[in-house]
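> Chain order of the listed sequences is D and P.
Take the first sequence: its position 72, counted from the start at 1, is 72 in full-length UniProt numbering, and no numbers get skipped.
Take the second sequence: its position 152, counted from the start at 1, is 152 in full-length UniProt numbering, and no numbers get skipped.
Simulated from the structure, these hints should not be mistaken for lab results.
Take the hints with a grain of salt, since some may be wrong.
[To be verified] No farther apart than 27 Å at their CA atoms in a straight line, the calculated lysine-lysine pairs in the DSS-like style are these:
(1) K444(D) to K398(D)
(2) K396(D) to K134(P)
(3) K171(P) to K398(D)
(4) K374(D) to K398(D)
(5) K444(D) to K396(D)
(6) K493(D) to K444(D)
[As the list claims (entries may be wrong)] Just the calculated beta-carbon pair ranges, DEER-fashion:
(7) K67(D) to G195(P): 41 to 51 Å
(8) G195(P) to S191(D): 51 to 61 Å
(9) T319(P) to A346(D): 32 to 42 Å
(10) Y329(P) to K398(D): 33 to 43 Å
Built from N, CA and C at the ideal position, the CB exists for glycine as well.
Each chain is listed here by its residues.
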Amino acid sequence: MAEPIIVVRNLSKAFPGVQALKDVQFDLYPGEVHTLVGENGAGKSTLMKILSGVYQRDTGEILINGKPAEIHNPRAAQKLGISIIHQELNLMNHLTAAQNIYIGREPRKPGGFVLDEKALNAQARKLFETLRMDFDPRVKVGELTIAKQQMVEIVKALSFNARVLIMDEPTAALNETEVEELFDIIRHLRSQGVGIIYISHRMDELFRISDRITVLRDGQYMGTFRASETNLDQIIPLMVGRKIDETARRIPEGKLGEVVLEVRNLNRGRLVRNVSFNVRKGEILGFAGLMGAGRTETARAVFGADPIDSGEIIVKGKKVVIRHPRDAVRHGIGYLSEDRKRYGLAVGMDVLDNICMTDLPTFMNAMGVLRPKKMQAAAEKQVETLSIKTPSLMQKVKFLSGGNQQKVVVAKWLVKNCDVLFFDEPTRGIDVGAKQEIYLLLNKLASLGKAVVMISSELPEILRMSDRIIVMCEGRITGELDGARATEEEIMKLATQRETMVKTA
Amino acid sequence: MADKSNGTPAIASIAKITAGTKGAAARQKILAFSSLVLLIIAFSLLSPNFFQPYNLIAIMLATAVNGVLAIGVTFVIITGGIDLSVGTMMTFTAVMAAQTVAVWNLPVILGVLMALFVGTICGLASGVMIAKFKLPPFIATLGMSMLTKGLSLIIAKSKPIYFTNAPSFAKISMGSLFPFMKDFQIPNAVIILFGLAILASFVLNSTIFGRYTFAIGSNEEAVRLSGINTDRWKIAVYAVNGLICGIAGILIASRLNSAQPALGQGYELDAIAAAVIGGTSLSGGEGTILGTIIGAFIMSTLTNGLRILSVPQEWQIVTTGIIIIFAVYVDMLRKRR
């Protein structure tokens with residue numbers, strides 16, 4: 001076998017409060033597809049960002065072509081022949097494919113100021129031809145499909161003579177035909193001796209495209225396998241089973257109330273297909289699944305943030321029509337988005353204003369003037385109920401911790417007397433201590449008789465918090481599990497149960 | 001993305017008629033061009049005085065200053081920025097030219113160079129504030145607008161400066177390079193406008209400067225990640241815009257045979273309007289010089305035609321306002337698709 005292009009030994013990297021990578025090893029040979037798998041937060045992206053010069057390692061060794069290498073920045077990585085294609089494409093939509101590929105390296109006419117557009121298009125066309133892509137380099141990127149845009153990114157990466165191509169979840173936004181096209185390109189690149197590092201959440205893809213598979217878990221190296229000599233049953237147990245500081249599961253309080261919200265055969269686009277579920281008073285319902293499984297889309301559809309194609313929503317036994325979030329709020333449904341700062345809070349305003357904001361009309365007198373005392377009383381009540389830690393009601397929300405900010409968002413919905421609360425990734429971007437507080441908060445809300453729906457990509461969190469667990473994959477519900485007895489393996493299997501697999505099975 | 005064009009059917013269909021052609025900016029340009037042709041036909045039918053050589057020249061002359069300013073601001077808007085100071089920057093360069101020629105008694109050519117130099121420096125300053133100090137373009141250029149307005153008044157002592165000692169200065173705008181065409185003497189100002197338009201169009205489409213102007217407006221972060229010094233190019237765009245304001249300053253001073261320090265405010269909005277009517281997208285990444293010139297001509301043709309029809313000036317302003325709103329709305333419609 002040839003020399004490896006990349007060898008990583010004992011690599012470690014810590015961020016404040018987290019050991020993102022610990023003694024990780026990895027290697028890549030020319031002409032192979034080496035796939036990295038692991039749960040969210042396993043350290044895949046950190047490893048890739050170190051290899052592409054975005055982060056610097058703490059300790060450990062990286063050898064490129066057998067020589068120790070320092071990758072100080074993305075430019076240095078590019079010089080070493082390492083290119084990365086991020087999940088979020090970095091293209092200029094108003095420019096053509098060729099113009100995008102050669103941005104900053106445009107061929108110019110003598111004098112250096114006038115562009116040589118002919119040469120530019122010819123170069124790009126040649127590049128497309130060597131990759132056997134049928135592509136007009138003069139098309140504007142904004143007019144291409146995501147799949148085609150991705151190809152432009154790939155070609156751009158390769159135009160730097162990349163020998164290593166890192167692809168971070170390239171299939172996340174592609175349909176099945178497009179995935180197959182992408183795989184064709186990957187196979188072609190492999191035959192040309194390019195080494196490909198592939199990151200994916202889709203388990204079935206692992207065996208379709210990989211030569212070798214490396215598993216990471218909690219920043220630790222779990223093993224590397226030849227794809228031809230292993231199977232999912234070996235891989236999944238290695239991915240899951242993360243250690244958590246507190247494994248105590250929530251004890252359902254036995255006395256679950258009546259069904260508050262029932263959803264029947266909800267459809268919305270590709271990511272919400274025939275979704276049916278219900279949630280009871282005092283219950284915490286967990287929604288598990290991988291990224292892009294359609295959980296957020298389901299919540300948004302129920303909440304009226306996106307129009308539904310078909311389906312019924314029943315609140316407290318009555319069929320309701322929800323066309324707009326304000327309909328949802330009127331029926332007592334609240335949605336707490338993942339991105340609190342962007343959608344949930346006015347961070348520059350104080351705690352009092354944020355809590356009362358969604359329900360200002362109830363704090364006005366007949367003249368339409370706000371009554372500060374009434375607002376203060378309402379806010380104080382929420383601060384107490386949810387034990388929001390703030391020096392005063394006048395504190396600006398941006399100075400609160402992540403956990404307390406989350407509580408302020410919850411308070412907003414409680415002021416509106418919501419009975420059903422959707423939490424979308426409530427602990428994302430929050431440190432361990434604050435997570436604990438959020439868990440206590442969710443439990444408290446359930447004990448107050450609220451119905452809580454929690455969307456989470458972290459399996460331990462789902463297992464710990466949920467009374468019942470619904471697992472989604474590609475817009476469908478693939479299973480429902482009892483929170484007290486479910487295991488990570490079961491969830492993972494359901495979460496990766498793609499339609500194509502079901503058909504062939 | 002779902003089809004969300006739920007606007008008025010009539011307007012949606014106008015947008016759709018032009019949808020077959022390539023590129024959104026091209027579509028708006030065709031839309032703008034047909035509007036201009038329609039305007040000309042309509043006014044010609046309504047008044048025999050409209051389609052006459054002298055009146056067409058009057059329209060062109062009336063377009064010159066706004067057209068030149070609009071060319072500069074088109075570059076800025078394509079980067080996703082805005083420049084609210086072009087009107088008063090123009091006045092400032094005019095005052096500086098007058099100061100040089102009429103007060104300091106220096107040759108006309110030095111007055112011209114002074115205007116161009118001062119304009120470039122002001123634009124450069126705006127660019128540095130925006131690219132380096134990260135001020136929002138709106139605020140930075142609003143400040144620059146007041147700054148140049150104030151300086152103009154101070155230097156000119158709040159009075160117009162006349163070019164009494166330099167009669168040749170007026171020739172820059174009003175003389176004609178082609179005196180032989182008897183009935184159709186095109187003033188230099190118009191020739192300068194078209195010359196600049198052709199040059200600007202070339203720079204925008206065929207040079208590295210133009211390419212980065214579009215690229216920055218399309219996705220600045222991606223450009224930066226490609227290893228391009230985006231700050232430097234942004235500063236350059238604002239500086240070029242300043243230089244073009246200098247050209248407009250010379251044109252207007254020469255046309256009025258004086259520098260009017262109180263003039264200028266409001267010109268920036270006309271320039272921005274011309275660019276937007278011509279299909280330049282305020283969110284950046286899109287726009288053409290030809291579109292902008294057409295936009296400027298639509299505005300002056302409208303004003304001229306309504307005046308010939310004896311529509312009161314107040315109503316002319318109202319009409320222009322409606323046209324701008326309509327143009328931006330059509331722009332939104334085609335974007336949503």
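> Work down the list of hints and note, for each, if the structure agrees.
Evaluation of the provided hints:
1. K444(D) to K398(D): 24 Å, holds
2. K396(D) to K134(P): 24 Å, holds
3. K171(P) to K398(D): 61 Å, violated
4. K374(D) to K398(D): 24 Å, holds
5. K444(D) to K396(D): The given pair, whose Cα atoms are some 25 Å apart, holds under the 27 Å limit.
6. K493(D) to K444(D): Answer violated: K493(D) to K444(D) is near 31 Å, above 27 Å.
7. K67(D) to G195(P): 41 to 51 Å: 58 Å, violated
8. G195(P) to S191(D): 51 to 61 Å: For S191(D) against G195(P), whose Cβ atoms are near 55 Å apart, the range 51 to 61 Å holds.
9. T319(P) to A346(D): 32 to 42 Å: 40 Å, holds
10. Y329(P) to K398(D): 33 to 43 Å: 36 Å, holds
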